[in-house]
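Colleague: The lines below spell out each chain.
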Amino acid sequence: MKKVIMGNHALSYGAQLGRAQVVAAYPITPQTQVVELLSEMCADKSLDAKFIKVESEHSAMAACLGASLAGARTFTATSSHGLALMHELLHWAAIGRLPVVMGNINRAMAPGWSIWSDQNDSLSQRDTGWMQYYCASNQEVLDTTIQAFKVSEALSVPGMIMLDAFTLSHTYEVVDIPEQEKVDAFLPPFRPKLRLSSEDPRAFGGLTSPEHYFELRYKQQKDIEKAPALVAETGKEYEKLFGRRLELIEGYKNEDAELLFITAGTTGYTARVAVDALREEGVKAGNLRFRLFRPFPFAELRRLVGRSGRRVAVVDRNLSSGCNGIFFQEVKSALYGHVDGMPIFGYVSGLGGRDIALEHFREIAADALKRQPPAEEIVWIGVRK
Amino acid sequence: MSKKKTLEKIVLATERDFPIMPMSLGTMHHNRTGAWRNIRPVIDKEKCIQCGICWKFCPDVAIYVENEYPVVDYVYCKGCGICAEECPVKCIAMVEEEK
Numbered sequence: 000m001k002k003v004i005m006g007n008h009a010l011s012y013g014a015q016l017g018r019a020q021v022v023a024a025y026p027i028t029p030q031t032q033v034v035e036l037l038s039e040m041c042a043d044k045s046l047d048a049k050f051i052k053v054e055s056e057h058s059a060m061a062a063c064l065g066a067s068l069a070g071a072r073t074f075t076a077t078s079s080h081g082l083a084l085m086h087e088l089l090h091w092a093a094i095g096r097l098p099v100v101m102g103n104i105n106r107a108m109a110p111g112w113s114i115w116s117d118q119n120d121s122l123s124q125r126d127t128g129w130m131q132y133y134c135a136s137n138q139e140v141l142d143t144t145i146q147a148f149k150v151s152e153a154l155s156v157p158g159m160i161m162l163d164a165f166t167l168s169h170t171y172e173v174v175d176i177p178e179q180e181k182v183d184a185f186l187p188p189f190r191p192k193l194r195l196s197s198e199d200p201r202a203f204g205g206l207t208s209p210e211h212y213f214e215l216r217y218k219q220q221k222d223i224e225k226a227p228a229l230v231a232e233t234g235k236e237y238e239k240l241f242g243r244r245l246e247l248i249e250g251y252k253n254e255d256a257e258l259l260f261i262t263a264g265t266t267g268y269t270a271r272v273a274v275d276a277l278r279e280e281g282v283k284a285g286n287l288r289f290r291l292f293r294p295f296p297f298a299e300l301r302r303l304v305g306r307s308g309r310r311v312a313v314v315d316r317n318l319s320s321g322c323n324g325i326f327f328q329e330v331k332s333a334l335y336g337h338v339d340g341m342p343i344f345g346y347v348s349g350l351g352g353r354d355i356a357l358e359h360f361r362e363i364a365a366d367a368l369k370r371q372p373p374a375e376e377i378v379w380i381g382v383r384k
Numbered sequence: 000m001s002k003k004k005t006l007e008k009i010v011l012a013t014e015r016d017f018p019i020m021p022m023s024l025g026t027m028h029h030n031r032t033g034a035w036r037n038i039r040p041v042i043d044k045e046k047c048i049q050c051g052i053c054w055k056f057c058p059d060v061a062i063y064v065e066n067e068y069p070v071v072d073y074v075y076c077k078g079c080g081i082c083a084e085e086c087p088v089k090c091i092a093m094v095e096e097e098k
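Protein chains in written order, with numbering that gives the first Met the number 0: chain V, 0 to 384; chain G, 0 to 98.
These are computed hints drawn from the structure, not numbers from a lab.
Heads up, a few of these hints could be off.
As the list claims (entries may be wrong) - With a straight-line Cα cutoff of 30 Å, these simulated DSS-like cross-link-like pairs (lysine-lysine) come out:
#	chain 1	residue 1	chain 2	residue 2
1	G	K44	G	K89
2	V	K252	V	K52
3	G	K8	V	K192
4	V	K221	V	K235
5	V	K218	G	K8
6	G	K46	G	K89
7	V	K2	V	K44
8	G	K8	V	K221
9	V	K221	V	K239
Unchecked claim - Negatives, chain V to chain G, calculated, CB over 10 Å:
#	residue
10	A42
11	E54
12	M108
13	Y171
14	R271
15	R310
16	S319
17	K331
18	A374
19	I380
20	V382
Claimed, not checked - Here are the in silico distance ranges between beta carbons for each label pair:
#	chain 1	residue 1	chain 2	residue 2	range
21	V	V53	G	K8	34 to 42 Å
22	G	V10	V	Q328	35 to 43 Å
23	V	H211	G	A92	34 to 42 Å
24	V	Y335	G	M27	43 to 51 Å
25	V	S208	G	V74	14 to 22 Å
26	V	L240	G	A34	52 to 60 Å
27	V	S208	G	I52	27 to 35 Å
28	G	K55	V	T207	26 to 34 Å
29	V	H211	G	E65	45 to 53 Å
30	G	W35	V	L240	54 to 62 Å
Just so we're clear, the structure is a prediction, and the values are computed from it rather than from any experiment.
Every residue, glycine too, gets a C-beta built ideally from N, C-alpha and C.
Based on the sequences and whatever the hints tell you, model everything.
Modeller: Below you can see the structure in the form of C-alpha cells.
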C-alpha cells in the first residue's frame with residue numbers, strides 16, 4: 000500500500016512491520032513524531048508492544064537493554080543531545096551484544112542551540128560498536144529499519160539508522176508500505192541463543208578481568224566484520240520480495256566519472272542533481288552515497304572507486320574539530336595503498352543545517368578539478384569568510 | 000547447613016571457548032575470593048554461644064556450621080569482618096594474614 004508519510008513515520012512503520020516488542024523512548028525535536036506514532040500504535044494495539052515511558056534517553060536505552068536481554072525485539076529513536084546522553088549505554092549494548100535497533104535524526108550539537116541537520120551527533124558515536132546506516136529517502140528509512148532488525152539479530156550487533164533533520168525527518172514522500180505477511184517471511188521472530196531466563200540463570204555484564212575482556216572484544220569485531228556481506232545478501236533478498244535493493248554504497252553515474260563525489264544522507268540526492276547538471280556542462284561527474292558507514296564497507300568502496308585517474312571530492316556535513324571531515328578521513332584511509340596516486344579532497348559544508356545546494360556542488364567541482372594534491376586542509380563550502 | 004563444595008576455576012583456553020557476551024558461566028562457587036583477604040576471622044570456640052549470628056550475616060556465605068559450631072571457609076572468606084562486628088560475645092578476632 001502506498002502512503003504519503005514523513006520520514007519520522009517511516010521509522011515508526013518500519014518498527015511496526017518489524018514487530019518490535021518493546022519500545023522505550025524519550026521525545027526530542029526533530030524525532031518526536033517517531034515516538035508519537037509508535038505510542039498510538041501501542042495504544043490501539045496495531046503494534047503488540049510494551050511502550051515504556053522513561054525520564055531520559057539514558058533510561059530509554061537502559062530499558063531497551065534489559066528488554067533485549069530478556070529476548071524482546073527492541074526499538075527506540077532519538078537525536079543529537081539525546082543520543083549523547085545515551086553514550087555510555089551505547090557501549091553497553093554493543094559489547095553486551097544486544098541487537099537494539101534505533102533511529103537517530105541527525106541534528107547539530109549545541110551550543111548554538113540548534114535543531115537542524117548535521118552528522119556530528121551520530122559520528123561522535125562512531126566508535127561505540129553500533130552499525131550505522133545513513134538514509135536519503137523515506138522509503139529507504141522504512142526498508143532499512145526492517146533490514147536492520149534482521150542483520151542486527153543475526154550478528155548480535157546493535158544498529159542505528161540516520162535521517163537528516165527536517166530534510167528527511169519532516170519531509171513527506173510517497174512510501175510503499177509492504178504487507179505484513181511478506182515482512183514476516185523476510186524477518187522471522189527474534190530468538191536469541193543467550194538471554195535472561197529463570198531456567199538457566201546467568202549474570203550478564205559483570206566484572207571481567209584482563210584475563211577475559213580482550214577475547215570478548217575480538218569476538219565482537221569478528222562478528223561486526225561479517226555485516227557488510229550480510230547487508231548485501233539480505234539487501235538482495237529484500238529486492239526479491241519487495242523490488243528494492245538495499246546496497247552498501249549507492250553509485251550514481253560513477254562508472255565513467257572523472258570527478259566522483261562521495262556523500263551520505265540526503266546530500267547524496269542533491270549530489271545526483273549536481274551530477275546531471277555538471278554532465279550537461281561537459282564535466283563527467285558521478286556520485287557514491289554511503290548507506291552503511293559502520294562497519295566500514297572497505298571492499299565495496301574500493302570496488303566502486305575503482306581505477307586511478309579520477310578525482311574524488313568527499314562532502315562532509317560534519318567536522319572532527321582539529322582534524323577534518325570524518326568521511327574524508329575514512330575514505331582516504333580506506334583507499335591508501337589500494338588506488339595509486341588518487342587525488343582525494345575533503346569539503347566541509349552544511350554544518351548546523353545550512354543547505355548544501357546545487358551551487359555548492361558546482362563550487363566543489365570547480366575546486367576539485369584544479370586543486371593540487373595532496374590536500375590535508377579543510378576546504379570550506381558555504382561559510383562566510 | 001552443609002559445607003560448600005569447592006569448585007575448580009573455569010579456564011577458557013581460546014576465544015572459541017568464550018560466550019559472545021560478558022556473562023557468568025558458573026556460580027559464585029567458582030569464584031574463590033579467599034585470595035582477597037588480608038585479615039582473617041578466628042573463632043574462639045570457648046567463648047562461642049552458638050547463636051548463629053555470624054553464619055547468618057556472612058555476605059559470602061563463607062561460614063558453615065559443623066558439630067554445632069561455626070567454621071570459616073577460607074577458600075571464600077574475603078575477611079570483611081562483619082562476623083566479628085556482629086558477634087554478641089566478641090569471640091571472633093580479626094587476625095592479620097602473614098603471607
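Colleague: List in ascending order the numbers of the hints, as given earlier, that are violated by the structure.
Modeller: Numbers 2 and 29, in rising order.
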